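Visitor: The primary structure of each chain is shown beneath.
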Amino acid sequence: MELAAKHFKASAAKALVDVQLQKALGNVEKGFIGKRQKAADALPEFDALRDNARDIKNHVLAHLDLYLEEYERNVIASGGTVHWAETAEDARRIVLDICQKAGARTVTKGKSMITEEIALNDHLSANGIEPVETDLGEYIIQLRGEYPSHIIAPAVHLNKEQVEGDFRRVHTHLPEGRDLSEPVALLGEARDVLRQRYFAADVGITGANFLIAETGTSVIVTNEGNGDLTQTLGKVHVVVASIEKIVPTLEDTSQILRVLARSATGQDMSVYTTFSTGPKRTEDPDGPDQYHVVLLDNGRSAMLGTEYQDMLRCIRCGACMNHCPVYHAVGGHAYGSVYPGPMGAVLTPSLNGIEETGQLPNASTFCGRCEAVCPMRIPLPKMMRHWREREFERNLTPLTARYGLKFWAFFAKRPKLYRLAVSFGVPLLSLFGGSSRRFHSLPFARGWTRHRDLPAPEGRTFLQAWAQREALKQEPGQ
Amino acid sequence: MSSRETVLGKIRASIGVSGADEARKTTVAARLEQTPTGVIPARAQLPAAGQLELFCAMAVQFGATVTRVNDYQAVPAEVSTYLRARNLPSEIRMGADERLANASWSSEKNLEVRHGASDGGDLAGVSHAMAGIAETGTLALLSGPANPTTINFLPEHHIVVLKADDIKGDMESVWAMLRKDMGKGVMPRALNLITGPSRSGDIEQTIILGAHGPRALHIVIVD
Chain G
1 MELAAKHFKA SAAKALVDVQ LQKALGNVEK GFIGKRQKAA DALPEFDALR
51 DNARDIKNHV LAHLDLYLEE YERNVIASGG TVHWAETAED ARRIVLDICQ
101 KAGARTVTKG KSMITEEIAL NDHLSANGIE PVETDLGEYI IQLRGEYPSH
151 IIAPAVHLNK EQVEGDFRRV HTHLPEGRDL SEPVALLGEA RDVLRQRYFA
201 ADVGITGANF LIAETGTSVI VTNEGNGDLT QTLGKVHVVV ASIEKIVPTL
251 EDTSQILRVL ARSATGQDMS VYTTFSTGPK RTEDPDGPDQ YHVVLLDNGR
301 SAMLGTEYQD MLRCIRCGAC MNHCPVYHAV GGHAYGSVYP GPMGAVLTPS
351 LNGIEETGQL PNASTFCGRC EAVCPMRIPL PKMMRHWRER EFERNLTPLT
401 ARYGLKFWAF FAKRPKLYRL AVSFGVPLLS LFGGSSRRFH SLPFARGWTR
451 HRDLPAPEGR TFLQAWAQRE ALKQEPGQ
Chain B
1001 MSSRETVLGK IRASIGVSGA DEARKTTVAA RLEQTPTGVI PARAQLPAAG
1051 QLELFCAMAV QFGATVTRVN DYQAVPAEVS TYLRARNLPS EIRMGADERL
1101 ANASWSSEKN LEVRHGASDG GDLAGVSHAM AGIAETGTLA LLSGPANPTT
1151 INFLPEHHIV VLKADDIKGD MESVWAMLRK DMGKGVMPRA LNLITGPSRS
1201 GDIEQTIILG AHGPRALHIV IVD
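Read top to bottom, the protein sequences are chains G and B. The letter at position 384 of the first sequence is residue 384 when you use my numbering, and the numbering goes up by one with no holes. The letter at position 97 of the second sequence is residue 1097 when you use my numbering, and the numbering goes up by one with no holes.
Quick caveat, the hints were computed from the structure, so don't treat them as lab data. What you are looking at is a predicted structure, and each value in this text was computed from that prediction instead of being measured. Incorrect hints may have been included.
In the EDC-like style, the derived pairs of lysine to aspartate or glutamate whose C-alpha atoms are separated by at most 16 Å in a straight line are [stated by the list, open to error]: (1) G/235 / B/1119; (2) G/101 / G/2; (3) G/235 / G/97; (4) B/1109 / B/1071; (5) B/1163 / B/1223; (6) B/1010 / G/69; (7) B/1180 / B/1078; (8) B/1025 / G/69; (9) B/1163 / B/1033; (10) G/382 / G/283; (11) G/6 / G/284; (12) B/1010 / G/86.
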């Protein structure tokens, strides 16, 4: 997809009045928040596991070079091939080359955000190879020519009637009068259509949730089983994964698995957690003849050692966007980048630069729910703040915001003047607030007051209240 | 310079290390050697009988059905009963697992047993699990001629036989079993951890069973 993050404000405004989208977004809270809470509450060790998961990834990031070398050694020992890709372009070239050498005409794909990041499907299509997405959500959005609006629920922005319309438009070989009114019928139809595609495909491409250094294993975590059919039935299995997916051992994988599904869908375990190590062995009746891993950097090594390093702990569970009021209001497409929501607001500027993406770290109220639910304890609001600072330093912040800040800073740096101004301003605003104690409309802030009232200040200023509190403390006998 | 050297070089430059630092290498080698377990939930740290009970309860909670039989000789009859109860044809696909092969399949006269990997034409498949994980009601299945991976995913009904003794508390116990059987650092081509039947919530976040994998998972525990 083309990066459209600079249009966030305009896209968000459109999203807010999109009736279909607003109806669909209601499913985010229904589908995720309560389930996550219930799963977390049912496991007394949940927070201790989060701490350990964070520590494991911090340890990996501090030794990433060595664990990658160990991982590579073990992939080779089990008969697989490792390809290193510095950029998205390198990764696309490597995957295309593997497909062409296999004589591939169609490839099936398991759900993978990393192949979205490198825009692999467009590249394969442009070179005469048809990519077929097999995850139900990914399949639906591929039919629509869209990209995922959520990292684990790609079609969460759609309603079933829209999916029905797409299936009728594309599956023209099926009887017109068939009943597709319920999700179960839609799923059944997709299952039948895709079954044939798995067997016809020459190559199966998946991402990885983990790469285990100890054993040279790639792990995928899914519910549908499409990723497993993709990687079992193709003659060639290609794993595309970014370098920070490394974990040291099977035990470390287990620690993070315990927080992954709970944070994502509220399941104790996803249905299928599959550990793949190398190609088909001599005695094996099934499995791929070739096993390739494409290790992608694409800007991640540059995040190490910076204030954005913690972002590399992300395990793509989606909890941050599931709990984000901004995401709930506008959905994933408004962000105009592959990764939406809070994790995207930090990662997208890291991968694409702040010049084009400055609106994303500003699309947050800093309510802190994302950090509160992040299984890897990533300080997302803090990192969004760092991006706002980088943006300001480079004069990328919009002029109105810069002048507003300058105006405020002028007073903030002159405490006497500041106190004088508020000692007049507060009673004045309080007076104008009238009997309702609210402003229904304010000059320079119509965007705010169009949707809600601004409460008028009441009582004393903070500094006055503070001074009184301190004075009370000083009084003897208190 | 190769892409490999470039990527590793960038990582080292960002972390501020050379890659030849012995202390770092020792730290990494120690973790790989010692494989520390971290936090193990108390939920499944029970005596064997408690683990079996918990395994059954969790498996049912996540959408599987569970039945118990006294020995392997009772497995074919149980499979037949399952198929009949669901009006399925009396046909199964199965690998070459010895424990399953030794059961008395011939006593089920109408049951057709097809061997080897699934070609997608099977409605029911039978596998033998390497272990069960009580903590989450999860099955662990290994690839190979004994239990071809395709049987885990292609048939609509997956019947998995599991020895009661192989039910462990946690994933970590399964890793210990694997290291004992295969050697440290060695894995089967595929290890499938399976928790309930296949499902999708991709349309309006409504969970529906039977996405691309089996619509039903039936576990037969052999005491």
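Visitor: Does the structure keep residue 1010 of chain B and residue 69 of chain G at a Cα separation of 16 Å or less?
Guide: 14 Å, holds
Visitor: Hint check: residue 1163 of chain B vs residue 1033 of chain B, CA-CA at most 16 Å. Holds or violated?
Guide: Answer violated: residue 1163 of chain B to residue 1033 of chain B is near 30 Å, above 16 Å.
Visitor: Taken at face value, is the distance from the CA of residue 86 of chain G to the CA of residue 1010 of chain B at most 16 Å?
Guide: 10 Å, holds
Visitor: Tell me if the straight-line CA distance from residue 1109 of chain B to residue 1071 of chain B falls inside 16 Å.
Guide: 19 Å, violated
Visitor: Are residue 382 of chain G and residue 283 of chain G close enough, with their CA atoms no more than 16 Å apart?
Guide: 53 Å, violated
Visitor: Is it true that the CA of residue 235 of chain G sits at most 16 Å from the CA of residue 97 of chain G?
Guide: At roughly 15 Å apart (the allowed maximum being 16 Å), residue 97 of chain G and residue 235 of chain G satisfy the hint.
Visitor: Is residue 101 of chain G close enough to residue 2 of chain G, meaning Cα to Cα at most 16 Å?
Guide: 29 Å, violated
Visitor: For the pair supplied as a hint, residue 6 of chain G and residue 284 of chain G, is the alpha-carbon distance within the 16 Å limit?
Guide: Violated, at roughly 51 Å.
Visitor: Can you confirm whether the C-alpha distance between residue 235 of chain G and residue 1119 of chain B stays at or below 16 Å?
Guide: The hint holds at about 14 Å.
Visitor: Against the 16 Å threshold, does the CA-CA distance of residue 1025 of chain B and residue 69 of chain G hold or violate the hint?
Guide: Answer holds: residue 1025 of chain B to residue 69 of chain G is near 11 Å, not above 16 Å.
Visitor: For the pair supplied as a hint, residue 1163 of chain B and residue 1223 of chain B, confirm whether the alpha-carbon distance does not exceed 16 Å.
Guide: Holds, at roughly 6 Å.
Visitor: Can you confirm whether the C-alpha distance between residue 1180 of chain B and residue 1078 of chain B stays at or below 16 Å?
Guide: It is violated: about 32 Å lies between the C-alpha atoms, which goes past 16 Å.
The structure does not agree with the numbered hints 2, 4, 7, 9, 10, 11 stated previously, though it agrees with the rest.
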